[in-house]
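Spelled out from the first residue to the last, the chains are:
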Amino acid sequence: MINLKGFYYLKFKQFTLNITFNFNNKGITFISGPSGTGKTTFLKCIAGLIKPNHGYLIINNKIIQNSNKNIFTPVNKRKIGLIFQDTYLFPHINVIENLKFGYNKDITKDYIEKIIITLKLEKILNRMVTKLSGGEKQRVAIAQVLLTKPNIILLDEPFTSQDFNMRKKIITHLNIINKKFSIPMLCICHRINEIHDFGKKILYINNGKIKHVENIK
Amino acid sequence: MQSINFQPLYLSLQLALISTILLILIGIPISWWLSQTKQNKTKIIIETIIALPLVIPPTILGFYLLLLFNQHNILGKIWFIIIGTKLAFSFPGLVIASCIYSLPFIIQPIQLAFEKLGKRPIEQALILQQSKIKIFFKIIIPLSKTGIITGAILTFAHTLGEFGVVLMVGGNIPGKTQVISIAIYELVEELNYNSTHILSIITIAISSLILIALFSLNNKKTK
Amino acid sequence: MIKNKFIKILLIILILLKLNICNAKDNKIIIAVSSNFLITIKKIKSKFEHEHKKCNLLISSDSTANIYTKIINEAPFHLFISADKKHPLLLEKKNMILYKPVTYAIGKIVLWIPNSTNKIKKKIIRTNYKNLSISNPKLSPYGEKTAIILKNLKIKSKSDFIYGCNISQTFNFILSKNSEIGFIALSQVINHNIKKKDFWKIPQYLYPIIEQTLVLLDNSKNNKCANDFFNYMKSEEVKNIIHISGYKI
Chain A
1 MINLKGFYYL
11 KFKQFTLNIT
21 FNFNNKGITF
31 ISGPSGTGKT
41 TFLKCIAGLI
51 KPNHGYLIIN
61 NKIIQNSNKN
71 IFTPVNKRKI
81 GLIFQDTYLF
91 PHINVIENLK
101 FGYNKDITKD
111 YIEKIIITLK
121 LEKILNRMVT
131 KLSGGEKQRV
141 AIAQVLLTKP
151 NIILLDEPFT
161 SQDFNMRKKI
171 ITHLNIINKK
181 FSIPMLCICH
191 RINEIHDFGK
201 KILYINNGKI
211 KHVENIK
Chain B
1 MQSINFQPLY
11 LSLQLALIST
21 ILLILIGIPI
31 SWWLSQTKQN
41 KTKIIIETII
51 ALPLVIPPTI
61 LGFYLLLLFN
71 QHNILGKIWF
81 IIIGTKLAFS
91 FPGLVIASCI
101 YSLPFIIQPI
111 QLAFEKLGKR
121 PIEQALILQQ
131 SKIKIFFKII
141 IPLSKTGIIT
151 GAILTFAHTL
161 GEFGVVLMVG
171 GNIPGKTQVI
181 SIAIYELVEE
191 LNYNSTHILS
201 IITIAISSLI
211 LIALFSLNNK
221 KTK
Chain C
1 MIKNKFIKIL
11 LIILILLKLN
21 ICNAKDNKII
31 IAVSSNFLIT
41 IKKIKSKFEH
51 EHKKCNLLIS
61 SDSTANIYTK
71 IINEAPFHLF
81 ISADKKHPLL
91 LEKKNMILYK
101 PVTYAIGKIV
111 LWIPNSTNKI
121 KKKIIRTNYK
131 NLSISNPKLS
141 PYGEKTAIIL
151 KNLKIKSKSD
161 FIYGCNISQT
171 FNFILSKNSE
181 IGFIALSQVI
191 NHNIKKKDFW
201 KIPQYLYPII
211 EQTLVLLDNS
221 KNNKCANDFF
231 NYMKSEEVKN
241 IIHISGYKI
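Protein chains in written order, with our numbering: chain A, 1 to 217; chain B, 1 to 223; chain C, 1 to 249.
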């Protein structure tokens, strides 16, 4: 269980992100809403990749950032995983080297094996990144983030370029990971009908604000 | 039959090698700063200063460098205090002159390579909780290898072919500053065409071998 | 693997370079010599090194004025073999030399017209020859005196005159046929076996005497080889070599 509390204000050309939030996240929380209204920006602010004009972020009562007090924890210290919309793996090293890149020092061999097996990566460990299919790349990216043992994983539309079967596979995997490794997730997704079975909550964002929160039963 | 003196060739190779290595070490941080800085007044000024050796006639550059190296002026004085030898007409003086002269050739390809990387690889590595130093050496440098090698090739070739700057700053002193370009110039003056041909062909052959080695290193990366 | 090949080549280069750097620091002296005397000094150098095995002479050639500029900019020369007296005297005024300038040769200027069909005399210069070559009077004492010759012969400088940085370059211009005619040193005529019919020794009354002097620079204070060479240059043996090379003693 993780508590995310905060406020972001960020002025763009198209809209202004003006978002106040305070919610507990266990399981998977979905974020939905029209495109270009701040969902990705919101996630990137939480990860620390985008600096808002002002705002603050408190996770589990720990101040991560506060623009009034000039506090800003750098991205690499936040322990927040982010699966980007476009999958990027380091092209100059193979799959296992990509996975190793973010290894948390507390990681056990068991943990690593568990992840590789869950995401079905055993056969492609020695392949170069350029020789992977889209779906394989995505699974490697997810494993890469998991191996850093983050406190929460943010996902930005991880299903877009996949076909129906692949989407089903990924959401199933995410669910297994969420349950097996107890990592809460915050996931941007459009196709609400497909995800209904898996999440607990949906945040609707429009025009840079949270419009309403729906609890899934 | 005069025996041929290969020392100018060794000197030139030494000069090109040392200058290239130094410029890679100096050029990478500068190129990184330039690639990460948004366009502003400071950046424009620095980019202009770096590019100046491209447009200024080598003799002007050589002239002002010679003044700078004089023992009674800043650089020459500092050098003398720290090292104890004169900077003008010395090999270290040539290295400094070569580095200034070839600076744009190392900076521009590397800066381009860094810019081409974009933010994505860095963001990915930061999300993976890696330190900025590890990111620089394990991600940025390997992914920019083509740019770095291209810069090294251009710098090496450019330094090897120097004439005007070296003539002014070096003084054509055999064993110290008589590089191959000046030695051949002198051989032609002496009408020693035999030695000129032999020395020139050997220089071209060695330079070509080095370039081939560097190019094939580059091609392997892009496969 | 190509990476290994590259490393091997780099290592070979580094080894070669190390061999270069590790040259035993024998007694090395650097002699700055004006271009006209380059070929002659090399003959003298081999004789000297033969008799003084420990000494290693390095020759750096350039025009007289350029060498002077280098010296006052602290170039590491031990001796200056000039093509005039003026520049060594300027150095003397600046207290940069050890002994008074020593005259080692009297230079002579000749007019050279390769493959000329007519007999070369005074009048010939007025004929329409293209691209007369002379050494730059500002840099070369030979050039300076040539300018006086032209003045005395009442020949005005034309737009197609070619100025060589030093006497060697001037020679090259004529040899490569970029010039049809030009003024060079008698020593060059001798060294390159130019046919007698192709040159005219300019009468001495047309130009001041080219007194070529040499000096020992203050870098040579405790340098045995430099001092030995300075003395050697005054010897009969050297005087012979210089005379054969086309200078008057």
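I should point out that these hints are in silico values taken from the structure, not numbers from a laboratory. The beta-carbon is built from N, C-alpha and C at its ideal position, and this holds for glycine as well. Incorrect hints may have been included.
Computed, partial: chain C to chain B, Cβ under 10 Å [to be verified]: (1) His50; (2) Lys53; (3) Asn95; (4) Ala147.
Capping the alpha-carbon separation at 25 Å, the derived lysine-lysine pairs in DSS-like fashion look like this [said to hold, decoys possible]: (5) C:Lys93 to C:Lys221; (6) B:Lys77 to A:Lys51; (7) B:Lys38 to A:Lys79; (8) A:Lys114 to A:Lys180; (9) A:Lys131 to B:Lys132; (10) A:Lys44 to B:Lys145.
Quick rundown of the hints versus the structure:
Hint status for C:His50 relative to chain B: violated, with the closest Cβ pair at about 15 Å, above 10 Å. Below 10 Å, beta-carbon pairs count as interface contacts, and C:Lys53 has none with chain B, the closest being about 17 Å; its hint is therefore violated. For C:Asn95, the interface hint is violated, since its Cβ never comes within 10 Å of a Cβ in chain B; the closest pair sits about 16 Å apart. Below 10 Å, beta-carbon pairs count as interface contacts, and C:Ala147 has none with chain B, the closest being about 22 Å; its hint is therefore violated.
Our distance criterion of 25 Å between C-alpha atoms is met by C:Lys93 and C:Lys221, whose separation comes to about 18 Å. Proximity of B:Lys77 to A:Lys51 is assessed by CA-CA distance (about 48 Å); at most 25 Å being required, the pair is judged violated. Between B:Lys38 and A:Lys79, the direct Cα distance comes to roughly 29 Å. Violation of the 25 Å bound is thereby established for this hinted pair. This hinted pair checks out: A:Lys114 and A:Lys180 have alpha carbons roughly 9 Å apart, not beyond 25 Å.
For the hint pairing A:Lys131 with B:Lys132, the CA-to-CA distance comes to about 28 Å; that exceeds 25 Å, so the pair is violated. A hinted pair counts as satisfied when its Cα atoms are at most 25 Å apart, and A:Lys44 with B:Lys145 does not qualify at roughly 30 Å.
Hint compliance for this structure: hints 1, 2, 3, 4, 6, 7, 9 and 10 are broken, all remaining hints hold.
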